[in-house]
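So the protein lines, in turn, are chains F and E. Going by my numbering, the first sequence opens with residue 1, and the numbers climb by one from there. Going by my numbering, the second sequence opens with residue 1, and the numbers climb by one from there.
Treat the hints as calculated values from the structure; they're not laboratory data. Treat the numbers as computed from the prediction; the structure is a model and nothing was measured. Errors might be hidden in some of the hints.
As the list claims (entries may be wrong) - Just some of the chain E residues that point at chain F, by a computed CB distance under 10 Å:
hint, residue
1, 137
2, 150
3, 153
4, 186
5, 188
6, 189
7, 198
8, 202
9, 206
10, 245
11, 247
12, 266
13, 309
14, 333
Unchecked claim - Now the stretches of chain F that chain E is said to cover, found in silico as 3 or more residues with beta-carbon under 8 Å:
hint, stretch
15, 18-25
16, 52-59
17, 110-121
18, 124-134
19, 141-154
20, 163-175
Ideal placement from N, C-alpha and C gives every residue a C-beta, glycine not left out.
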Amino acid sequence: MSKDYAVLPSGDRAFTVRFGDKIDPAVNDRVASLAESLARKPIDGVIEFVPTYAALLVIISPERLSLKRAISAVSRRVKRLSDSSSLTANSSSTVELPVCYGGKYGEDIQFVADHAGLTTDEVIRVHTEPVYRVYMLGFMPGFPYLGGLDERIETPRLETPRAVIPAGSVGIGGKQTGVYPLASPGGWRLIGRTPVKLYDSARANPVLLKAGDFVKFKPVAAEEFIRMGGEA
Amino acid sequence: MPDFEIITPGPMSTVQDMGRTGCLAAGFCPNGVMDRYNAILANALAGNAEPNVPNNVDMKNIPASPALIEMTMQGVTGRFTSDTTFAVTGADMPCTLNDEPISAYKTQTAKAGGVLSVGYAKTGCRGYLAFYGGIDVPLVMGSRSTHVKCGIGGYNGRKLMRGDTLRIGASYKSDLGNASVAPLVYDKLFRVCEGPQFTRFGKLEIAQFLSSEYMVSPQSDRMGVRLDGALINCEGGSDIISDGICAGAIQISSSGQPMMLLADRQTVGGYAKPFVVIEADLPKAGQLRPGDTLRFAAVTPRKARMIMMEDMIHVSGSVRRVEDAITHSYRIMGWRLRTR
Chain F
1 MSKDYAVLPS
11 GDRAFTVRFG
21 DKIDPAVNDR
31 VASLAESLAR
41 KPIDGVIEFV
51 PTYAALLVII
61 SPERLSLKRA
71 ISAVSRRVKR
81 LSDSSSLTAN
91 SSSTVELPVC
101 YGGKYGEDIQ
111 FVADHAGLTT
121 DEVIRVHTEP
131 VYRVYMLGFM
141 PGFPYLGGLD
151 ERIETPRLET
161 PRAVIPAGSV
171 GIGGKQTGVY
181 PLASPGGWRL
191 IGRTPVKLYD
201 SARANPVLLK
211 AGDFVKFKPV
221 AAEEFIRMGG
231 EA
Chain E
1 MPDFEIITPG
11 PMSTVQDMGR
21 TGCLAAGFCP
31 NGVMDRYNAI
41 LANALAGNAE
51 PNVPNNVDMK
61 NIPASPALIE
71 MTMQGVTGRF
81 TSDTTFAVTG
91 ADMPCTLNDE
101 PISAYKTQTA
111 KAGGVLSVGY
121 AKTGCRGYLA
131 FYGGIDVPLV
141 MGSRSTHVKC
151 GIGGYNGRKL
161 MRGDTLRIGA
171 SYKSDLGNAS
181 VAPLVYDKLF
191 RVCEGPQFTR
201 FGKLEIAQFL
211 SSEYMVSPQS
221 DRMGVRLDGA
231 LINCEGGSDI
241 ISDGICAGAI
251 QISSSGQPMM
261 LLADRQTVGG
271 YAKPFVVIEA
281 DLPKAGQLRP
291 GDTLRFAAVT
301 PRKARMIMME
311 DMIHVSGSVR
321 RVEDAITHSY
331 RIMGWRLRTR
């Protein structure tokens, strides 16, 4: 079998294992399973890795492990994973996120509805239907890049980003949907808010999601949102 | 415990340490000091030698490095509430203690009530002020570094302001003497190795990048250094499917402008990266100020490793007493000092 991945250089203490050149669940599965394998059974000298859509960046300590040896070690791992039957990361979980849609929690839901030619109830139905894949985390701690947004509710970003978007905000930006783990400036159209904290420094593991997980949104009423700890 | 009360904070002073390790996958950029060599020296001179840790330990289990203040262009003025040992390194910022000039790169001790003033940088960009015992702020993801954009870590997740009171982790140590080391001198040549999208750029573009002089744009900060100069064209556009970004990555924007990504960078990004600055040259980037000019040169990873070894020996210098601290700092970076 010809090699179905590529190792790309990334400076003097890192390399990138690339499994494909498109955003595709099967490709992302391979990234997630390699990341999981490195987390479960660390290679001495590999100090960090960054799973993304189609590639894994591996950072090493060159003093403990030469780049050449690190590449062979990780390549062997990739081969073993390809040979085994299961390509999917075993530890991926599906996280249900309750969301209070519309009103003051999702100021732009009417705009999204008008843009799509749907009612706001239909926007909520379309947005809560899919099981979204967490392709990767980035942009800020715990921010999930979700795949699977129904193209009917794709909506262009705001022309002028808001100065502050509250933590927990659920938004749509172009072809993507996501949740802001922390208050931040942002240009996405806000359709709702979740009371669940995607980032919470008080937790043993402050970041709720990981690459390879799945997210399902569930609509909740404002009273329930507040009861679950959401801001009134 | 002694405190350091901020009287004037300077434009961008933050609490930093050697940064976060092991959480890039969660979307955490590493943060941490921009100029590791000078931070190592400041901590060493302030007496922050950590207990020896065994080799080959998991990085996550190495105790965090002592936190210090990183000052940008203009230093801080502050008051010590009790006797405190400290040291200043980095950019050439004139220092006074109770209006008397004092030397940087030297172990200093202030009496209770003493006022330290760190001035405007004559050269360089970032100064480091370390205290014996380090700055006592909570650990977030294993580090005391400030992530200003996200309001996490450091002193209340933000840059320092007038009236802030920093708790120092230990009290005055009388047996430190007054060690000093020679200031580090940085050239402005940045050695680079190939990055993940190297092959997307034509020979001419690569040659153009490596032979051009670039100027540091005023739109530079802890996230990255934006470079004005020759634009680099990427065949088929510089947009890629977002991938991981390591420290020192040179990304080429849609307009062709190169940017060197540093401590507060995003962990993933969608622009092509033809090169990555070698680890040994990253501290120099922390001293670049707007208007500085710099050049790049390509090296192999093997050569980069040799340069790193030479730098370690240079930074460790000849000051025996500060050696433990320097050794520990390198361990946090994943390197082991083998001299002596």
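Hint by hint, here is what the structure shows:
1. 137: violated, 13 Å
2. 150: holds, 5 Å
3. 153: Holds: closest Cβ of chain F sits about 9 Å from residue 153/E, inside 10 Å.
4. 186: violated, 18 Å
5. 188: violated, 19 Å
6. 189: violated, 15 Å
7. 198: holds, 7 Å
8. 202: Residue 202/E check fails; min Cβ-Cβ to chain F is 17 Å, beyond 10 Å.
9. 206: With a minimum Cβ separation of about 13 Å from chain F (threshold 10 Å), the hint on residue 206/E is violated.
10. 245: holds, 8 Å
11. 247: With a closest approach of 8 Å, the residue 247/E hint holds.
12. 266: holds, 6 Å
13. 309: holds, 8 Å
14. 333: holds, 8 Å
15. 18-25: That given contact holds, which follows from 4 residues of the stretch 18-25 of chain F lying within Cβ reach (below 8 Å) of chain E.
16. 52-59: holds (count 7)
17. 110-121: violated (count 0)
18. 124-134: violated (count 0)
19. 141-154: holds (count 4)
20. 163-175: violated (count 0)
Of the numbered hints given earlier, the model fails hints 1, 4, 5, 6, 8, 9, 17, 18, 20; all others are met.
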